[in-house]
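Generate the whole structure from the sequences, applying the supplied hints.
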Amino acid sequence: MTKTNSTNEINLKTEEGNKIIVAIDGPSGTGKSTTARILAEKLGFLYIDSGAMYRAITYELISKNVKPNDIKKIIELTQNAKMSFEGEDFFLNGKNVTKEIRSLDVTNKVSNVSAIKELRKILVNKQREFAKKNDIVMDGRDIGTVVFPNADFKFYMICDLKTRAARRRQDFMEHGMKIAVEKIQMELSKRDKIDSTRKESPLKKAKDAIEVDTTNMIIEEQVNLLYRKIKGLD
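For the sequence shown, our numbering assigns the number 977 to the initial residue and increments by one for each residue that follows.
Simulated from the structure, these hints should not be mistaken for laboratory data. As the structure is a prediction and not an experimental result, all values here were calculated from the model. All clues given are correct.
For lysine to any residue, the following SDA-like pairs were computed, each having C-alpha atoms within a straight-line distance of at most 25 Å:
#1 Lys995 <-> Gly1063
#2 Lys1040 <-> Lys1075
#3 Lys1108 <-> Phe1067
#4 Lys1097 <-> Asp1171
#5 Lys1180 <-> Ile1194
#6 Lys1085 <-> Val1122
#7 Lys1018 <-> Pro1125
#8 Lys1085 <-> Gln1055
#9 Lys1159 <-> Arg1174
#10 Lys1093 <-> Lys1169
Have a look at this one:
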């Protein structure tokens, strides 16, 4: 239930320990992570990038040469993984792996790793733990449908494939990787199919989520739109 006072300050009660939860879902390249991070800062909330958590486990499995069918080892690594967020940086077991988890190798394998049922259950519990002590903005693919079905605010971001590929290419270039936009577009399309058709927590819009098409929007516009919705200004 949402309440606003005369100064438009948020006063919410939720089932997750009376903390405010903003869920932002959508496929890769829609701008949801950048939007979520800036929005959280603007609201004074903790930002949780759920995708970084799945990427971190994928990176760990690659680093330790763990096979995707070694469920016992995957469960062990995931349960023991210590994850934390510090601004824009992500730490795994005390190590800053922000750059490593954005590698092309991790990007190409994360969807298959994310589809592992046992792994998802563990990470969903870890994600819910963050919300027990913090007001949060969390982005991902199943935040509003599975992780926090009773989130106070739900948004679902969409964007045309060509624009998403161009944005992802820019991200790679900023990390020193030059990849043809056609290859990125193909990988995004492949990932969309995997994410939306997997049996465990598929990517889909929550029935009560607000859809936001970011194709012709810049980040500032996306942030302001969500902020105004949350503050009850629109």
